[in-house]
Structure formats: structure tokens, C-alpha cells
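Chain B: place on chain A using the hints.
Number of protein chains: 2
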Amino acid sequence: MYKVKVYVTLRESVLDPQGGAVKRALHTMNYSEVEEVRIGKYMELTLTNTDDVEKRIDEMCSKLLANTVIEDYRYEIEEVVPS
Amino acid sequence: MYKVKVYVTLRESVLDPQGGAVKRALHTMNYSEVEEVRIGKYMELTLTNTDDVEKRIDEMCSKLLANTVIEDYRYEIEEVVPS
Numbered sequence: 001m002y003k004v005k006v007y008v009t010l011r012e013s014v015l016d017p018q019g020g021a022v023k024r025a026l027h028t029m030n031y032s033e034v035e036e037v038r039i040g041k042y043m044e045l046t047l048t049n050t051d052d053v054e055k056r057i058d059e060m061c062s063k064l065l066a067n068t069v070i071e072d073y074r075y076e077i078e079e080v081v082p083s
Numbered sequence: 101m102y103k104v105k106v107y108v109t110l111r112e113s114v115l116d117p118q119g120g121a122v123k124r125a126l127h128t129m130n131y132s133e134v135e136e137v138r139i140g141k142y143m144e145l146t147l148t149n150t151d152d153v154e155k156r157i158d159e160m161c162s163k164l165l166a167n168t169v170i171e172d173y174r175y176e177i178e179e180v181v182p183s
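So the sequences go chain by chain: A and B.
Going by my numbering, 71 is the number at position 71 of the first sequence; the sequence numbering is gapless.
Going by my numbering, 156 is the number at position 56 of the second sequence; the sequence numbering is gapless.
Pulled out of the complex, with its shape left as it was, chain A reads as follows (with noise of 0.2 Å):
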């Protein structure tokens, strides 16, 4: 078995008004200190066993888990050996 952590990022170009929705909010509550915020989204998947996960996984990301016009992936792939 495998569990997998995904990371998507918007690219650094690609404006992040959600993200500067949360700056101005953090401001608005005296967390002033706070100079940029960017948001992305964070998966975890677990996989049966299955050959070429790395392979496999990098496709799941660049057809369906990520836009990749406008955002970056990494992923993390951690085999999980059931207790």
C-alpha cells in the first residue's frame, strides 16, 4: 500500500486573489507581520499495491489533480506496509 502526498501550487507568475483575500484578513486581526500569502491544495491518496506508482501518480496529477497552465505539483510517495 501507498499514501501519497500531493502539493499544488498556483505558479509564482499567477495572481492569488484568494490568497490576498487571507493577507488582508490576517491585517484586518493586527497579524501584521504577514507580507504574502499563496494558497494551494494538499492531497493525500492511498494506493493498493500497483507497479510504476511514480509514473502513475505524476499522470493522475498533470490530467486531473493539477492545472498545470497555471499551477505546480510535487507529490511525496511513502509505501505503507499494513500492521
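Honestly, the hints are just simulated from the structure, not real lab data.
Quantities reported herein were computed from a predicted structural model and do not represent experimental measurements.
Errors might be hidden in some of the hints.
Covered stretches of chain B, as calculated for chain A (at least 3 residues, CB under 8 Å) [what the hints assert, rightly or not]:
{"#": "1", "region": "124–135"}
{"#": "2", "region": "138–151"}
{"#": "3", "region": "163–175"}
Derived DSS-like pairs: lysine-lysine, alpha-carbon spacing no greater than 27 Å straight-line [claimed, not checked]:
{"#": "4", "chain 1": "A", "residue 1": "K41", "chain 2": "B", "residue 2": "K105"}
{"#": "5", "chain 1": "A", "residue 1": "K23", "chain 2": "B", "residue 2": "K123"}
{"#": "6", "chain 1": "A", "residue 1": "K3", "chain 2": "B", "residue 2": "K123"}
{"#": "7", "chain 1": "A", "residue 1": "K5", "chain 2": "B", "residue 2": "K105"}
{"#": "8", "chain 1": "A", "residue 1": "K41", "chain 2": "B", "residue 2": "K155"}
Pairwise CB distance ranges (calculated) [unchecked claim]:
{"#": "9", "chain 1": "A", "residue 1": "N49", "chain 2": "B", "residue 2": "T168", "range": "31 to 39 Å"}
{"#": "10", "chain 1": "A", "residue 1": "R24", "chain 2": "B", "residue 2": "D151", "range": "21 to 29 Å"}
{"#": "11", "chain 1": "A", "residue 1": "V14", "chain 2": "B", "residue 2": "E154", "range": "28 to 36 Å"}
{"#": "12", "chain 1": "B", "residue 1": "P182", "chain 2": "A", "residue 2": "T50", "range": "38 to 46 Å"}
{"#": "13", "chain 1": "A", "residue 1": "S62", "chain 2": "B", "residue 2": "P182", "range": "28 to 36 Å"}
Glycine included, C-beta positions come from ideal geometry on N, C-alpha and C.
This is chain B only, laid out in the frame that chain A set:
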């Protein structure tokens, strides 16, 4: 300066319909090895130097960034030295 990574995930007991939809989409695309998908948020904050960073980040998470009734959060704080 600090770079803070915040991960917000749904609590184990909370249903994740968005994750379920992504799982079904992946099955339709023949990634039948996917057993479970849980979707969360990932945020990157940039902070200017300030005291009590950890305490203040914890407050931001519990007050605004996460809904602690249904979500858990964790964070990583990294000090960045401007070059």
C-alpha cells in the same frame, strides 16, 4: 523573514465528498488502484521578522486559516535569511 507552510486537513471522522468525486474521476480514468482521496488546503505565508512566530502562527491557524471543528492543521516554520 520567515516562510511558513500550513497544512489544513479534514478530520478523520469528517466525510470528504470532494475527495470522493476525485477518486471516482480517477477510477473512470482507469487508475483503479486509488483507494481513498482526502483533499485539504496548503498555504504558504511569508512573514517579516517578529517575536513569538510560533505562537502567532498557531493563533492565525486556529482563528482564521482552519475551522477546528472539522479540520486539523499543522505547520512548518522556516527562517529565511535574505541574500
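Q. Can you give the numbers of the hints that this structure goes against, from lowest to highest?
A. 5
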